Amino acid sequence: MEILVCARRVPDTSENEIALNAAGNDIERDELVYSVNEADNYAVEEALQIRDRVGGNVTVVTVGVDEDEEILRRELAMGANQAALISDDAFSGSDGKGVATILKAFVQKGHYDLILTGVQGDDGAAQVGGMLAAMLDYPFASLVNSIAAEDGKLKVGREIEGGNREINEIELPCVLSIQTGINEPRYVGMRGIRQVASVPIPTLGASELSVDTSAVGEAAAKVQRIDYFVPELSKGAEMLHGSREENAVRVLELVAAKGGLK
Amino acid sequence: MARIYAYIEHRGGVVDDSAAELAAAAKKIDVTSVPTAILTGSGANLDTACDSLRSSYGEIWKVANEALAYPNAELVRQALVSVLPANSILLVPHDHFGIDLSPGLSIKLNSAYVPDVLAIEGVEGDWLKLVRQEFGGQVSTHVRCDISCGAVINIRPGAFKAEPSASASGAVIDKSPAVGALVARRRYLETIVAEAGDVDITKHNVLVSVGRGIQEKENLGLAEELAEGLGAAVSCSRPVVDAKWMEKSRQVGSSGKTVKPKVYLACGISGAFQHLAGIKGSPFIIAINKNPKAPIFQVADIGIVDDVLEFLPELTNKAREMRGAAAK
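Protein chains in written order, with the numbering used here: chain A, 984 to 1245; chain B, 305 to 632.
In short, the hints are calculated from the structure, not lab data.
For clarity, every value in this text was computed on a predicted model and none was experimentally measured.
There's no promise every hint is true.
Stated by the list, open to error - Here are the simulated lysine to aspartate or glutamate pairs, EDC-like style, with alpha carbons at most 16 Å apart: (1) B/Lys584 - B/Glu614; (2) A/Lys1241 - B/Asp605; (3) B/Lys594 - B/Glu614; (4) B/Lys597 - A/Glu1221; (5) B/Lys597 - A/Glu998; (6) B/Lys433 - A/Asp1210; (7) A/Lys1136 - A/Glu985; (8) B/Lys331 - B/Glu467; (9) B/Lys548 - A/Glu1167.
Based on the provided sequences and hints, a complete structural model is requested.
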């Protein structure tokens, strides 16, 4: 099976306190720790496991900037067969539809049976996979937390409310957005990354992909970010500023007062 | 101003809470709008669900089709493309169904798509101004959306307060004939109900709930010891289940359990909205997180900026001391 995984490099929210920059038009990016988007990493692992069961190749692609090559190399070290960086000044400022348009052009340059994305990125949008599928007229399923290949089709589990799962049969080629927790992504060490240091990663732009630049980038974006801000809270938590011991005592008093301690 | 529609989820003849929230969101786009509800499905349950919306929606469009008996997003999408006029604004709940439906629908309608909207600030010309969150809720962002070719707007569940419906006296209009044969290359097979698990976290008055801040499976003992001292149960947020440190049955959130404790200790939990959606009944929330910007502090009653790996043992010690003193 030929599998394509669309991945992104994002600020790691578990490692960073996200703050606004002075102008309020972006977050402060200087000190941020970046890593591969968590759900995308699960998608890569799932692709590798499917390939190892049924054969084929895994390609990882990202739409981004030069620095994003770092996560492609990481995914190569995990075991992906090849990777490609899609980058062009004309792509900057693209909205979700713009990114899906660019990825569609990449998909049409190859032959993929299965296309995986992470369920959502740092913007919490959860949109590119579904858009890409609709553009390609491929079937789509989101929030996928299990995949089994059967007779040229897939049986996929979707996460729905209350911890329940919805099982669907889906034909290939298709696009799936992968939920975190579907597998246990393998560890990648510095040694593994060094071993793939010389693997070439091609960079493809608008001309290589035959992308109509009037359909992508900021000018074509129907959805545009105006600014970032921290909302004024009507009511936030009452913060305790005592010593650790004082805070612990206060918490226990409150737990008891609210009907907690037996 | 384009007409506003709302896609209504329903089950067993009962509409989802989001039905009233979408009506409230429509008023934020255009205060004069009397939005139209669209329901897909089949049988008597669909009729019951449609009838229940007569007081809150101007019109109720019913799309009955055997193929829509289960809401397969691929089929619902085709039905909506058939019935929606050009340039419509469609509101959809941003849940496991809306995430499945809306991105692809916006492509087929050639309209804009904005996911997970928390607030709507109004329309200027062709642009609708909205509020979203990024980076796990750590920062908010204003976005503008060109609605000249219509838009699909996914609304975060619970973000808009349902208002008592004014004077709508909606008629149910059968749009089923507009929908042709529905065929998809994705077929719904079955629903697998979640397993019960060893501890029922929905039955406890106090929950010690752990998140990513617990860092390693070995540290779960810190929460278990505290829970034992408090007569509480240990629950968790999604990353702890993703890492396979705890069973899915312990997860609080929209994709896990809905809990109604009296006291909720959020330990190293950032407070993603999917997690908060699983906490009902307005419990007293005490949040401990080393990130002062963690969104959990926006909803907690008491907040402590500290490392849970340090704070939980202290709390356990103090709880033991208090118990010891009480026993004497």
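Structure-based check of each hint:
Restraint check: the Cα-Cα separation between B/Lys584 and B/Glu614 comes to about 28 Å, which exceeds 16 Å; the hinted pair is violated. Annotation: proposed proximity of A/Lys1241 to B/Asp605 holds, straight-line Cα distance about 12 Å (limit 16 Å). The hinted pair formed by B/Lys594 and B/Glu614 meets the criterion: a straight-line CA distance of about 10 Å does not exceed 16 Å. About 14 Å separates the Cα atoms of B/Lys597 and A/Glu1221, which keeps this hinted pair within 16 Å; it holds.
Restraint check: the Cα-Cα separation between B/Lys597 and A/Glu998 comes to about 12 Å, which is no more than 16 Å; the hinted pair holds. Simply put, B/Lys433 and A/Asp1210 have alpha-carbon atoms about 11 Å apart, close enough for the 16 Å limit, and the pair holds. Restraint check for A/Lys1136 and A/Glu985: satisfied, since their Cα atoms lie roughly 14 Å apart, inside the 16 Å limit. Between B/Lys331 and B/Glu467 the CA atoms are separated by roughly 10 Å; this keeps the pair inside 16 Å, and the hint holds.
Note on B/Lys548 and A/Glu1167: the hinted pairing holds, with a Cα-Cα distance of about 8 Å set against a maximum of 16 Å.
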